[in-house]
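Visitor: Given next are the chains, with one letter for each unit.
Protein chains: 2
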Amino acid sequence: MKAHVYVTLKTSVLDPQGQTIQNALRKLGFGEVSAVRQGKYFVLSLADGLSSEAARAQVERIAADVLTNPVIEEYTYRIED
Amino acid sequence: MKAHVYVTLKTSVLDPQGQTIQNALRKLGFGEVSAVRQGKYFVLSLADGLSSEAARAQVERIAADVLTNPVIEEYTYRIED
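Protein chains in written order, with this note's numbering: chain W, 1 to 81; chain Y, 1 to 81.
Careful, some of the hints might be misleading.
Same chains, same label: a pair holds when it works inside one copy or across any pair of copies.
What the hints assert, rightly or not - Derived lysine-lysine pairs resembling PhoX-like cross-links, with alpha carbons at most 20 Å apart:
#1 Lys-10 x Lys-27
#2 Lys-40 x Lys-2
#3 Lys-40 x Lys-10
#4 Lys-27 x Lys-40
Since the hints were derived computationally from the structure, they do not count as laboratory data.
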C-alpha cells in the first residue's frame with residue numbers, strides 16, 4: 001500500500017521559488033502560465049498488513065506532525081492500494 | 001485551469017533525503033512505513049482560454065524541459081479544469 005502526500009504553502013504565504021519559476025517560464029516563451037506554486041511530494045510505502053482505516057490515521061498523523069509545518073503549510077494525501 | 005506536476009527521482013536513483021525521513025519516522029514510532037521517496041510538486045495556473053490539448057502539450061513541454069532533470073528524475077502530471 002502506498003500513500004501520496006502533497007505539502008504546499010498556504011495560499012496566504014508568498015512563494016518566491018514559484019514566482020522565480022514563473023518568471024523563467026515567461027522568458028522561455030510559456031506566457032500562458034500565470035502562476036506557479038511549488039510544494040513537496042512524498043510517497044510512503046506502508047506495511048501490507050495495515051487496514052485502510054489504520055493507514056489513513058497513520059498517514060494523517062505523519063503528514064500533520066512530521067511532513068508539514070502547520071504555520072505556513074498545508075497538506076493533502078491520497079492512499080493507493 | 002490548473003496543472004499539477006509531480007517530479008520524483010527515478011526508482012533506480014538513491015534518495016537519501018527520503019531515507020532520512022523514513023529513519024526519523026521509525027524512531028518516532030511509525031514503523032509501518034517501510035520506505036519514503038521525496039519529490040517535488042508544482043501547481044501551474046494556466047490561462048483560461050487554452051484548449052485542453054494545448055494545455056496538455058504545453059504542460060508536457062514545461063515538465064520535461066524545465067521542471068525535470070531527465071538524467072535522474074521523471075514526472076507525471078494531471079490537468080484540472
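Visitor: If a hint holds in the structure, say so; if it does not, say that too.
Guide: How the hints compare with the structure:
1. Taking identical chains as interchangeable, the C-alpha atoms of Lys-10 and Lys-27 are never at most 20 Å apart, the minima being 27 Å within one chain and 28 Å between chains.
2. Proximity of Lys-40 to Lys-2 under the C-alpha cut-off of 20 Å is found in both arrangements, the shortest distances being 16 Å within a copy and 17 Å between copies.
3. Taking the shortest Cα distances, Lys-40 and Lys-10 sit within 20 Å of each other both inside one copy (13 Å) and across copies (16 Å).
4. With identical chains, the CA atoms of Lys-27 and Lys-40 are never at most 20 Å apart, being 25 Å at best within one copy and 22 Å at best between copies.
In terms of the numbered hints stated before, the structure departs from hints 1, 4, listed from lowest to highest.
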